[in-house]
Amino acid sequence: MQLPRWALALADENGCSGSTNAALATMTSLPNLDERALVAEAQAGNRAAFEELVRRFDRDVLRLALNLMKRPEDARDVYQEAFLKVYRNLHRFRFECSFYTWLYRIVTNVCLDHLRRRQARPEDQAPELNAGHHEEGITDFFERQREHRPTLDPERSMMGLEIKARIARAMERLSPRERVVFEMKHYQGLKLRAIGDALGTTEETVKNSLFRATRKLRNELGGLR
Amino acid sequence: MSPFEKKLNCKDVAPLLVFYVCEEVGESERELIATHLANCHACSEQLAEEKEFHSALSCAPQSSDQFDASGILLSQFRSELAEALDDLSAPPLQEHWRPFGWLHRWMALRPVWSGALLVLVGVLAGTQLVPWLRQNSSNTGQAMNVRAPQPLTQDQLSNMVVSGVNISPSPGSDSPTIQLQVSAEQPMVLTGNVDDSRMRQVLTYMVQNSERFDAGMRLDCLDALKAAVRDQQVRGALLNAARKDQNPAVRMKALEALRDAAGDDDVRQALLDTLEHDTNPGVRVEAVNLLVGSLDGEALGASTAPEAPEAPEAPVVASTAAPRAPGDEFEHVVKVLQELQRRDPSRYVRLRSAAALRQIGPREVQ
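Here the protein sequences come in this chain order: A and B. So for the first sequence, our numbering puts the first residue at 52; every next one is plus one. So for the second sequence, our numbering puts the first residue at 42; every next one is plus one.
So here's chain B without its partners, still in its complex pose (with noise of 0.2 Å):
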């Protein structure tokens, strides 16, 4: 016996009766323990339950024997690996980047919802983007807003149809809000007021082309330009229609225009041509109230008043005022005035005239 031999008693060996067993022991080890086995009668009997231990279990039936010993199940296993296999090795369905896929996806999975969103976009789109496409494209005919860029040309006035003129009162300004659609090389909607320079241009073409223009929309440009008497272009214009304009209404009211222009030299004397040349004796009326107006700063009441010849008695007022006009344009006021009282062919006219020449005699008298 080796020394080694003599370490391994039996304390040793059970443990690896079970490895012997088996059959997974070195061969040295296996030839210690069967040498300690033909001498120990404890550890062989152990050695023959271990060995009883091992057969029974090996010969007790499997699962496996009892679920598939005719190898159905695995067929059928193999069958369904397969399948899955083909749907690994399926090419993905594309996969390619595709814009709004998944929107596609969401619709196919819900076919109500997507009948619903469609309908509700449409209606969006009717209702919503075509106006504001109409309102916004260019190319379409349609107007567009354009805030007082480039002045027009002469061509494009020339050729300039107003369909519509809007003038309404903006908070906060003196000036009110003018709208005038427009349509010169392109349809076009000018929005501002009479302070714009293309804006001021416009109305004094449309005022100084009565035959162009109907009279209504000339009126309407007279009443926004008002609020510019000081300028020298819509002075002329305003001039120019009390003066030529065809229309008595419209000269009327370009008088009227000037009313804050009223001492002014050169209105001064379209007043006075007024009251010589005009053939409406309205516009005369209106002449007259205007040239007293100018002379004893009356002019508001006397305008407001035109219809009572029998004016009230306004001596007192108009002899605190002092006179704006030098000594011979006065006379020549009253002289018209006095020729006006005795030959105008209108009753209504002499009237007024009379009544406007008690109105400046207590000047005339100081």
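So here's chain A without its partners, still in its complex pose (with noise of 0.2 Å):
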């Protein structure tokens, strides 16, 4: 395709503007960077830096949305919410812990926020998810995203999905507190001191809510095989 003039006469002697050969080391050149890097790029307005921390975080960010709310619809708001105050907010960020802790702490108060609100509106409890009605309550879209493999044995499946139910449902005698501190701890595997970092609280705290947790859960899930 023939290029305008006006791109011609901005190009330089190797035949590429200088914009976009610096856009392009950029593009290519942002993977490698570390996470200090990176994120004073995106704190300097590099928009597809910030894009690039996204990608880096954002998969552990929907696993414990995703394992914490129970519903698609809402892991979407905690993610979307969680992602856009990071943006906001990443000015004030002045490297005094790392990034991940940082973001971790915007993502489990996101959570604890829409855990308590929903907490507040028995109507809006999460469906429980077993094999004989999880489907209902659930749109079109996120349906669609279900995992259908057919590899899978169907008796383990089903026994999966079980258990996976009688889990959520204990899950919903927990606080908010004590579900995320169990989630990042037994899903998430992080240690005690950062989950206390991202809570905002210290080890110790963590500890007794993990504890708590724990006892609960097996109180009301007895043996689970």
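Keep in mind the hints are simulated off the structure, nothing from the lab. Idealized CB from N, CA, C, for every residue including glycine.
To give an idea of the chain A side of the interface with chain B (calculated C-beta under 8 Å), a few residues:
| no. | residue |
| --- | --- |
| 1 | Arg98 |
| 2 | Tyr130 |
| 3 | Gln131 |
| 4 | Phe134 |
| 5 | Lys215 |
| 6 | Ile218 |
| 7 | Lys236 |
| 8 | Tyr238 |
| 9 | Leu243 |
| 10 | Phe262 |
| 11 | Thr265 |
Listed next, the in silico DSSO-like pairs over lysine-lysine satisfying Cα-Cα at most 27 Å (straight line):
| no. | chain 1 | residue 1 | chain 2 | residue 2 |
| --- | --- | --- | --- | --- |
| 12 | A | Lys258 | B | Lys52 |
| 13 | A | Lys267 | B | Lys52 |
| 14 | B | Lys92 | A | Lys267 |
| 15 | B | Lys92 | A | Lys258 |
| 16 | A | Lys242 | B | Lys52 |
| 17 | B | Lys92 | A | Lys242 |
Assembling the complex is the task here: the two chains are given apart, and the hints tell you how they should meet.
Written out as structure tokens, the structure is:
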């Protein structure tokens, strides 16, 4: 395709315009940047750097949101609200902790807010997820996203869903903070110190929350097998 | 065994097993727990249960696996986040301050109401604003209200064109309100009463310049000036009009305006001049009436019955009235009236003169 005359006039002797060159260089180098440099770029207003940060961490964020909220619609709200908060407040990040910790602090706070709001509205509880009627109340879009792998053993799949539904019901008995701590410990694999950082509390407090959560779940679930 | 190890019993170990399973105990603590578990069957069983529970929880399918094992949900959320970021990053629309920006937004959102509002504004502007501007603008050639500021110069007076004189009674005042629509250097409306010097100036100028202003306007002016007959300038104009105005109705009106001052020498002299020189019998009769009135104080009664030569018998009243004029002046009046009675071409004037002589006769006798 022939370039317009004004574009040719702006192009350097190699045939590329300077800004395009710089943009290409930035695009190619962003994934190679370490976390600190990437955050600094994003703080300088580089939108591509921020999107790279999102891509690095959003899988864990979505996983946490889905496991805590149990509903894709709520998880979407948490995902978007959390990253928009990060975007708006990125200039306040002073590298006093890792970006990951700072991000998780925001995400867990958003999750806690949503869980507390949900707890205040009994009619807004998460649907029970069991094999019999777990599809009710889920929109078509999210329904299409479900995993239907034919290679899975149907019997095992049914048992897994049954256990999951029991766990979900038991989790509803926990306080929002206990749920977040349990989720971050068991399913995210975070250390108690990191959870404390994310929640803005001490490791000892997190330890107590985890202990209470485990006891409640054991009482509710008994023997899972 | 160290003294510390001896203190760690089952009651101490039980709550630590949860953290022991998920590897959240310190190194020294871990060794102590392990030592205790090696010697305590009950705690080992509890640890096994804890591990089994932990394993069961970890193996249970999670919501994230169920909903987004293929990653499509994540892609969808990324896309939505990018759109939200686009909205955040977009430059704000016209953030600069704009006057009436709120009105623009309001009108954009309510086109029907905006149309109605514009029509209403147009109607109001056409019916209210335009006439108001016409009335108040000094550059559009329209008249403006001036309340007696500076006297007009001779140039202004000589170039003045009067398009209307309106006289209306003013409540609470003897002097009527006069409105003159005048075009001098600029159009103006003079509003006031005869007490205003500027108003008097214009009115007397009009009376004195009969060739420039029509008789109707001069009559109106005389009507207005009647209330200021004691003013020297007005008196002069009235006397001049009574003697020289080309229109008899104006001369008669001027005499009428002088009624309240008919006893004054200058007015009486003007009345005598009128009797001797005025060509109009009606004017002469009016002069006779005023003369008689000035002599016996019954001017009002005489003027209301000019058509009755056989005047009612007024000597009784006249006899009580003190003579206002000196003797020679009185003689001059009688002589003029006698002359009229004998020689005036108008029979009506002759009859009125005879009646006047009879009216003032008893005083002559006295």
